[in-house]
Amino acid sequence: MTKYLDLSIKEINELLKDKKIKPIDLVNEAFERIEASDLNAFITLNKEEAIKEALELENKEIDNILFGIPVAIKDNIVTKGLRTTAASHILDDFNPIYDAEVIKKIKDKHMIIVGKTNMDEFAMGSTGETSYFGNTLNPWDKKMVPGGSSSGSAASVGARLVPIALGTDTGGSIRQPSSFCGVVGLKPTYGRVSRYGLIAFASSLDQIGPITRNVYENALMLNVIAGQDDKDMTSSYEEVKDYTCLIGEDVKGMKIAIPKFYMSETIDKEVRDKVENVTKILKDKGCTVDYVDMKYVSSAIPLYQVIALGEASSNLARYDGVRYGYVTKDFKDINELYKMTRYEGFGREVKRRLMIGSYILSGKNADKYYRKALIVRKKLTDEFKSILSKYDLIIGPTNTNVAYPIGTKLDDALKSFYDDLLTIPVNMAGLPAMSLPIGFKNGLPVGMHIIGNYFSEEEIYKLGSFVEKELNLNLDPRGDK
Amino acid sequence: MLSKNEVDHVADLARLHVDEAEYELYEKQLYDILSEIKKIEDVDVEGETEIMISPSTNKNTYSNDSIGPMLSTSDVLKNAKHTNGDFIVVPRVVADSEEI
Numbered sequence: 001m002t003k004y005l006d007l008s009i010k011e012i013n014e015l016l017k018d019k020k021i022k023p024i025d026l027v028n029e030a031f032e033r034i035e036a037s038d039l040n041a042f043i044t045l046n047k048e049e050a051i052k053e054a055l056e057l058e059n060k061e062i063d064n065i066l067f068g069i070p071v072a073i074k075d076n077i078v079t080k081g082l083r084t085t086a087a088s089h090i091l092d093d094f095n096p097i098y099d100a101e102v103i104k105k106i107k108d109k110h111m112i113i114v115g116k117t118n119m120d121e122f123a124m125g126s127t128g129e130t131s132y133f134g135n136t137l138n139p140w141d142k143k144m145v146p147g148g149s150s151s152g153s154a155a156s157v158g159a160r161l162v163p164i165a166l167g168t169d170t171g172g173s174i175r176q177p178s179s180f181c182g183v184v185g186l187k188p189t190y191g192r193v194s195r196y197g198l199i200a201f202a203s204s205l206d207q208i209g210p211i212t213r214n215v216y217e218n219a220l221m222l223n224v225i226a227g228q229d230d231k232d233m234t235s236s237y238e239e240v241k242d243y244t245c246l247i248g249e250d251v252k253g254m255k256i257a258i259p260k261f262y263m264s265e266t267i268d269k270e271v272r273d274k275v276e277n278v279t280k281i282l283k284d285k286g287c288t289v290d291y292v293d294m295k296y297v298s299s300a301i302p303l304y305q306v307i308a309l310g311e312a313s314s315n316l317a318r319y320d321g322v323r324y325g326y327v328t329k330d331f332k333d334i335n336e337l338y339k340m341t342r343y344e345g346f347g348r349e350v351k352r353r354l355m356i357g358s359y360i361l362s363g364k365n366a367d368k369y370y371r372k373a374l375i376v377r378k379k380l381t382d383e384f385k386s387i388l389s390k391y392d393l394i395i396g397p398t399n400t401n402v403a404y405p406i407g408t409k410l411d412d413a414l415k416s417f418y419d420d421l422l423t424i425p426v427n428m429a430g431l432p433a434m435s436l437p438i439g440f441k442n443g444l445p446v447g448m449h450i451i452g453n454y455f456s457e458e459e460i461y462k463l464g465s466f467v468e469k470e471l472n473l474n475l476d477p478r479g480d481k
Numbered sequence: 482m483l484s485k486n487e488v489d490h491v492a493d494l495a496r497l498h499v500d501e502a503e504y505e506l507y508e509k510q511l512y513d514i515l516s517e518i519k520k521i522e523d524v525d526v527e528g529e530t531e532i533m534i535s536p537s538t539n540k541n542t543y544s545n546d547s548i549g550p551m552l553s554t555s556d557v558l559k560n561a562k563h564t565n566g567d568f569i570v571v572p573r574v575v576a577d578s579e580e581i
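Protein sequences, first through last, are from chains F and C. Numbering of the first sequence is given in our numbering, commencing with residue 1 and proceeding in unit increments. Numbering of the second sequence is given in our numbering, commencing with residue 482 and proceeding in unit increments.
No wet-lab data here; the hints were simulated from the structure. Do not rely on the hints blindly, as some may be mistaken.
Derived pair list, reagent style SDA-like, types lysine to any residue, alpha-carbon separation capped at 25 Å [stated by the list, open to error]: (1) 80(F) to 540(C); (2) 104(F) to 134(F); (3) 332(F) to 543(C); (4) 378(F) to 568(C); (5) 559(C) to 261(F); (6) 364(F) to 555(C); (7) 409(F) to 534(C); (8) 241(F) to 568(C); (9) 379(F) to 485(C); (10) 269(F) to 289(F); (11) 390(F) to 500(C); (12) 269(F) to 247(F); (13) 485(C) to 414(F); (14) 368(F) to 552(C); (15) 104(F) to 559(C); (16) 104(F) to 485(C); (17) 379(F) to 534(C); (18) 10(F) to 53(F); (19) 332(F) to 517(C); (20) 329(F) to 535(C); (21) 485(C) to 53(F); (22) 329(F) to 502(C).
Remember, it's a predicted structure, so these values are computed and weren't measured experimentally.
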């Protein structure tokens, strides 16, 4: 078996430019790996089209570093003519008639889409287990969950099936699985990447971002997908930077804050120790690292439940069995068509969340819960802004612990929310944040959170690449290959 | 625990049928989540009244009122299960006059 996909993107690009390999070699290798894998990381493969595209690229000039690179796409990002299910029965035969903005950008760079990755249904879950297509397995230990909701994207990069994948993050759905699978995942600033063509879960929180094997390649991918888009009214006019620009720069003098809440007793001791270890390295290098108080982060779970589920109940009202998707067989009137289609089409986690969301927004509850939550959201955001006016970055663990056995939290309606305890606050404020592997506990990866100021992703990459280099971990779960 | 009627109410709001066997589970699970949500009432916001709906700071912009490329009818109907010519077929939504 060839091993081009074990090389860095830079090395692959050199080989392509020197005509030592062709894009088809990369595509063939990716499919060899995917087809030999038992992780259930993909819902739909794009083999025929990918091979066709790779062959067509042979006549094209190599105009950028990601030319010909295989990429996997989370299955809640629509791809024209390629089935897009959001891992739900209600969309299991849905064939989009347009490409998401990020897909257009990927195609413009001549990257090759190899398939659509498994995920929690409609991105609702933190383990990958709510997928209609079965759960994805963790490449480090197949008895463990890979995290979620971008389970297949993180697992496929972790297992080295593909070098790059796109995920989406509403409450931690890029960072949490990245942490569990030992890969680098970034949730960009809200508005940095167009959400046009992303199947909406909670529109004020959702953001698309890259999942990669290392920090540099993550920045390369953000360079591709960032940018204003008239089709997404929340997409930002803020200038797009070269996000690799600070990689390798000296971190001396950087001011870093650690919220005490992120290092409290709720967080596993070994996970905290790993973060402490990084803190020591940073101090030795001349960074300032201070512990800071944050009052509102502890309200993250109820805050998320009100805002995310409220928005979801509105967004998912569109699945009515009329224009697309699954339709129930027997119905006598329109109301029964809706109710039975949704009952049969949605999984239990989704139904639970839609009921709660509809309830929260109904009648007087809208004021009691939703309005109050929006005020708390403002306070939490102000708190982040105040810290980031004094510090360059905020760090802490991504998760309360490492990956746990499949089945542990599946039927617990509350516990799955608690997985996102440390990641949710970032979505509320709309800040950018990365999960970076910083070590192992019992052979399972531990992730560190690096939270930056609005539209300052390059600062996150600067610190991330420094820590990555210092730790120099072996992040390949295949051992000696 | 929520009552069966309360589960019916929230399911109706979300346009979801509930199977008889599911009531017991939902009565507990929805209660658990709602109990967690109620904690938001107790958060001290120190007199703050301003709300934050979205992190976006974009000003309202208007698109030009001009005709651009549109989707074809066949594309739009491609994923619909019940169609007739250029139309999507749905069950009748208005009653006969004598039924009113």
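Hints, one by one, checked against the model:
1. 80(F) to 540(C): 31 Å, violated
2. 104(F) to 134(F): Roughly 29 Å separates the two Cα atoms, so the pair is violated.
3. 332(F) to 543(C): 43 Å, violated
4. 378(F) to 568(C): It is violated: about 45 Å lies between the C-alpha atoms, which goes past 25 Å.
5. 559(C) to 261(F): 50 Å, violated
6. 364(F) to 555(C): 43 Å, violated
7. 409(F) to 534(C): 31 Å, violated
8. 241(F) to 568(C): 46 Å, violated
9. 379(F) to 485(C): Not OK: residue 379(F) and residue 485(C) at ~37 Å, beyond 25 Å, violated.
10. 269(F) to 289(F): 19 Å, holds
11. 390(F) to 500(C): 54 Å, violated
12. 269(F) to 247(F): Cα-Cα ~30 Å, so violated.
13. 485(C) to 414(F): Distance of about 20 Å is within 25 Å: holds.
14. 368(F) to 552(C): 42 Å, violated
15. 104(F) to 559(C): 21 Å, holds
16. 104(F) to 485(C): Not OK: residue 104(F) and residue 485(C) at ~48 Å, beyond 25 Å, violated.
17. 379(F) to 534(C): 12 Å, holds
18. 10(F) to 53(F): 21 Å, holds
19. 332(F) to 517(C): 38 Å, violated
20. 329(F) to 535(C): 39 Å, violated
21. 485(C) to 53(F): 55 Å, violated
22. 329(F) to 502(C): Holds, at roughly 21 Å.
Of the numbered hints given earlier, the model fails hints 1, 2, 3, 4, 5, 6, 7, 8, 9, 11, 12, 14, 16, 19, 20, 21; all others are met.
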